[in-house]
Amino acid sequence: MSSFVEWDFLTEFVEKAFMAYGIPEADAKICTDVLLQSDKKGIESHGVNRFKPIYIDRIKDGIQNPITEFEIVRETPTTAVVDGHDGMGQVIAHRSMQMAIDKAKQYGMGMVAVRNSTHFGIAGYYTDMAANAGCIGMTGTNARPSIAPTFSVQNKLGTNPLTVSFPTDEEFPFSLDCATSIIQRGKIELYEREGKDTPAGTVIGHDGSALTDSPTILKALQSGEAALAPLGGIGENLSGYKGYGYATIVEVLSSALQQGNFLSLLSGIGEHGEKIKFHLGHFFIAIDTEAFMGLDSFKKTAGDIMRELRAAEKAPGAERIYTAGEKEYLIWQERKKTGLPVSEPVQKELIAIRDDAGLTDYRFPFEQ
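First residue of the sequence shown: 1, per the numbering used here; consecutive thereafter.
Careful, some of the hints might be misleading.
Stated by the list, open to error - 27 Å max Cα-Cα, derived BS3-like pairs, lysine-lysine:
#1 K29 to K277
#2 K348 to K52
#3 K52 to K242
#4 K299 to K277
#5 K16 to K29
#6 K299 to K336
#7 K156 to K242
#8 K60 to K29
#9 K337 to K219
#10 K60 to K242
#11 K337 to K327
#12 K40 to K52
#13 K314 to K327
#14 K156 to K196
#15 K52 to K275
#16 K52 to K337
#17 K242 to K327
#18 K348 to K275
#19 K16 to K348
Stated by the list, open to error - Estimated spans, in silico, between C-beta atoms of each pair:
#20 P316 to E69: 53 to 59 Å
#21 M293 to F4: 30 to 36 Å
#22 I67 to S209: 31 to 37 Å
#23 P365 to K60: 22 to 28 Å
#24 A311 to E334: 19 to 25 Å
#25 E171 to G62: 42 to 48 Å
#26 D361 to I269: 36 to 42 Å
#27 E170 to F4: 27 to 33 Å
#28 T360 to I305: 51 to 57 Å
#29 F151 to P345: 19 to 25 Å
#30 A311 to K60: 50 to 56 Å
#31 K219 to D361: 35 to 41 Å
#32 I276 to F9: 45 to 51 Å
#33 G235 to E290: 42 to 48 Å
Hint data in this document are derived by calculation from the structure and do not stem from the laboratory. Think of the CB as a built atom: it goes at the ideal place given N, C-alpha and C, for glycine as much as any other residue.
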């Protein structure tokens, strides 16, 4: 059963926990903000659900560095190549997008390519940074192999989100943040924790069959005996080649510009089955709307487009039409009042982190 935790309490605890594992205070604040922004938007697959297994455990396993060395390898007025030296992905990404925004504000456009990074949380956090600065923001990242190319059953590509945000004259930006697979590992991990099956047609086994048992899928993805289907699904009938193509674009932009690792090199598994660093790649693009016809005119036109889309004739039984970023905004309006609903499995992980980090002053409401 879920229990609600207040945001101020959760923010302070997560910051202190990150610091307890060696992350400097300023960096811990960034990591916390990215992590909890996911939960605030209702994207629970990338929030505190992943605090322990993706961040804390990887630091403890020595495959992610708590101290982030941000090295600028090459730079021009509008571009940069950064080596993150396997530090905290959120810190690397935050600094990289800020660099892209700063360049865009001076020259109209900016792009930063990153190599040797780690999981950076929800991609939409960084594109929203650009939108809030009056820019069009774009980002993508490669990841450990999960997606099978069309007509294959082998996991080769990561879930590789291609993410875009831009400002509108409404209370929230347009923000499209989604994987290039039908489903991502984080969602399957959430299904496993909740004892639910994964929807049929989203994962393909080596024999070509659709897999649904969530624990089995996670083990099979790790061993290479299963793969995620790209957007559009298995084969060509529902245009799965489109998702395959978009995932490939993200893979190239996350590796070729910065000369980083790609595809099978991102498995996180050494030749003897040991855990190794992932060495992920990202890219960040910012385009200043003032460099065209101005921010206000862009926001007005973008807002008009959103409103006309939402005013389209609804399908029978449908209550309303949404545009990208709207549902997340509405979820936050509710959750800012209620706090975060934390499931029982995550409750146990938060307690384990608390006890391991020696943060004995913190007692969660679900322990009452």
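Run the structure past the numbered hints and jot down the numbers of the failing ones, going up.
3, 4, 9, 10, 21, 22, 29, 32
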